[in-house]
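Starting from the known structure of chain G, fit chain S onto it as the hints suggest.
Protein chains: 2
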Amino acid sequence: MPIVVQKYGGSSVADPDKIRNVAQRIVKSHAKGNQVVVVISAMGDTTDDLIELAHKINDRPDNREMDVLLSTGEIVSSALLTMALHKLGYQAISLNGPQAGILTDAAHSKAKILKIESDRIVKELNAGKIVIVAGFQGITQDADMTTLGRGGSDTTAVALAISLKAQVCEKLTDVDGIYTADPRICPEARKIKEIAYDEMLELTSSGNKVLHIRAVELAGHYNMPILVVSSFNDSPGTLIHGGDSMDSMEVHNKVRGIAHDIDVAKVTLTGIPNQPGVAAAIFEPLTKAGISVDTIVQNAFKDNITDLTFTVSRGDLKKANDVINSIAKNIKAKEVVTDAKLAKVSIVGIGMQNTPGYASKMFSALSKAGINIQLITTSEIRITCIIEETRVKEAVLALHRAFELEKD
Amino acid sequence: MPIVVQKYGGSSVADPDKIRNVAQRIVKSHAKGNQVVVVISAMGDTTDDLIELAHKINDRPDNREMDVLLSTGEIVSSALLTMALHKLGYQAISLNGPQAGILTDAAHSKAKILKIESDRIVKELNAGKIVIVAGFQGITQDADMTTLGRGGSDTTAVALAISLKAQVCEKLTDVDGIYTADPRICPEARKIKEIAYDEMLELTSSGNKVLHIRAVELAGHYNMPILVVSSFNDSPGTLIHGGDSMDSMEVHNKVRGIAHDIDVAKVTLTGIPNQPGVAAAIFEPLTKAGISVDTIVQNAFKDNITDLTFTVSRGDLKKANDVINSIAKNIKAKEVVTDAKLAKVSIVGIGMQNTPGYASKMFSALSKAGINIQLITTSEIRITCIIEETRVKEAVLALHRAFELEKD
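These protein sequence lines map, in sequence, to chains G and S. Take the first sequence: its position 218, counting from 1, is numbered 218 in our numbering, and each next residue is one higher. Adding 408 to a residue's 1-based position in the second sequence gives its number in our numbering.
Okay, chain G solo, but in the shape it has when bound (with noise of 0.2 Å):
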């Protein structure tokens, strides 16, 4: 029989209401014929909840602990999920990371999966159950609980569809596929059929977060196909895969989406005198805190002077700015400026690898709807440009129309 690993995420099983119709979602796959593995996350705002909980006795928790915390969240939706295919007369059973084998390195609050031992899930889907497996977690070899971070229940999925040899990862969720720009800030989005992992990377790197950048890549690497769909209706969804059988070149040949992350916040180090070293004194001390630098950016240096500018997620930017103020006198820098309200728009397209012209075109309508543009990165199939928060909104939508996506 067929193996399909299904993923529902927190909002689909925000109470018993959804959690039952997330159970009799499951039900018509397995009615279908399909050996069923579903991953689940925590309930609803479970997860938030749950590190305000730690925040409140003690502002850095650490890290073994949170996971300890955060990992009783996908547990428990596990279980009542489980309960709700028992009520419809299903046999289930729930499986947490440790019973499901995942196992993962010690790298708490941000595992990696070194390998997946899958005895007991083949067991129970040979013993005719629906087997639902708690996501977002795993444990080490010396038997600690481990989690794989923020969006981590669709690297599980992922992960345990190519260890299972599924025959495709659904991922269900409150949107019902992938659109050109997200539809709540531009009514004239339009959903995508099918996408190259390519492509996805770069819209969820760039803000997109209907699917985890771990679980794309890892997608990817494995050419395990991902299939995004509505958990509340039949839609048809988006198709995430390796592109043999993707659209003519012609639809290739442009902008495929825009997206765009308020979740950006900026680090400037002025006045710093040019010598050996200097990125490293300040971008090593930021690893080791455990920070991610999303953008960086250095001007040419000017009288052996010159400013750095890097950019981090909001959340990260307080032991940011600490970090780089206890290094700032070591490298003789100015000022150190932050700023925490800004965000990013990007334009996404393979097609656009080859083709000059996109650039001048996304800077022309930015400029011409007024908005200033802060720093610019590009990478291959990406242009992101970094702006106020506040003027995202009418950026994705000039965007959208300057490269026509409303046109199928």
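Treat each hint with caution, since some may be false.
Straight-line distance between alpha carbons at most 25 Å, and here's what the computed DMTMM-like set of lysine to aspartate or glutamate pairs gives [unchecked claim]:
#1 S:727 - S:747
#2 S:523 - G:142
#3 G:129 - S:513
#4 S:537 - G:105
#5 S:537 - G:59
#6 G:56 - S:582
#7 G:87 - S:460
#8 G:56 - S:425
#9 S:426 - G:59
#10 S:426 - G:48
#11 G:18 - S:467
#12 G:18 - S:457
#13 S:537 - G:142
#14 S:464 - G:174
#15 G:254 - G:380
#16 G:254 - G:406
#17 S:464 - G:17
#18 G:56 - S:423
#19 G:115 - S:550
#20 S:495 - G:49
#21 G:123 - S:550
#22 G:56 - S:456
It is worth saying that the hints were derived from the structure and are not from the lab.
Leaving out everything else, chain S in the frame of chain G:
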């Protein structure tokens, strides 16, 4: 270094402030030069909330899945308490049941501890850490999570204390000891300094909720002293121990305390014809359904017909009624009557066993208060009367006075 096991109940960790208090309390014991192992319950009403949530999804949830669900409550509080200790500058680590090596049988929802493999706890203690263990849970040999049933955290604490050869198992709770009656309904109640395991067992089985009965049994079997103290103040508590250093026999030669319990429901089968195997036909299916029967009373046969009454906890009444109705026809009972609004009051004291007159004094005190006795049961050191729930407070007060328990 001496090892002390402390157990904190759910009310002691109901919110972040209380968790901080508990952390400070732990630190005090640690500062005295003890190696401290703490067993922790779920915060406040967490367990009840989770049970309610489960019942919204499935009115008869699977025991294995309930264990998966409920065990998260203690894990949450163990992580939070550990964070609070870190905040105070102490080394601490949380361990769940499996990590603490608590191996149980597979009787989900009421598992029994088979053995404790305490290597991990010992390793962490020797590394200078305070060890916080999630109570109430263990793991089967098939790596499934189990819970020890309600109050199971007490059992965890005593079992760990025995396994670690601790000096004492301290039960820190919202009352500061064992009283001659519940002080909330009997203002004259007096704190008992020391009490024997047997007396505590009877008080516990008769409704005193301070300790779980299995914990008292286990402690008695291995002669592990339990100290009941308040988690909120430094008032001296009650020491439960083996009796060698007990109060003088004179003090013992009387009623030691009064317990009451309003969690009593009754099922009566009327008009049962005399035939072999009737009792088995009634109680075997109840046992199979996992229902614990408390008191059983059967009248003498008259014209080869009798009535049989038994009591169960109110939570089991619906299930018990279902079971009994399914067999009532088989055993030719006339009707099945239930009453959910009962209570029991008990007097307990080792001194009672060789001294006549306690029963009659008890019945007379209740009679003078105009309280009707529905059922009576006795043990060597206890007499219990089942009465209407509404009369409990009057009954406890009347008995406390009749046996002069306000006097030391």
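query = What hints, given by number in increasing order, does this structure fail?
reply = none
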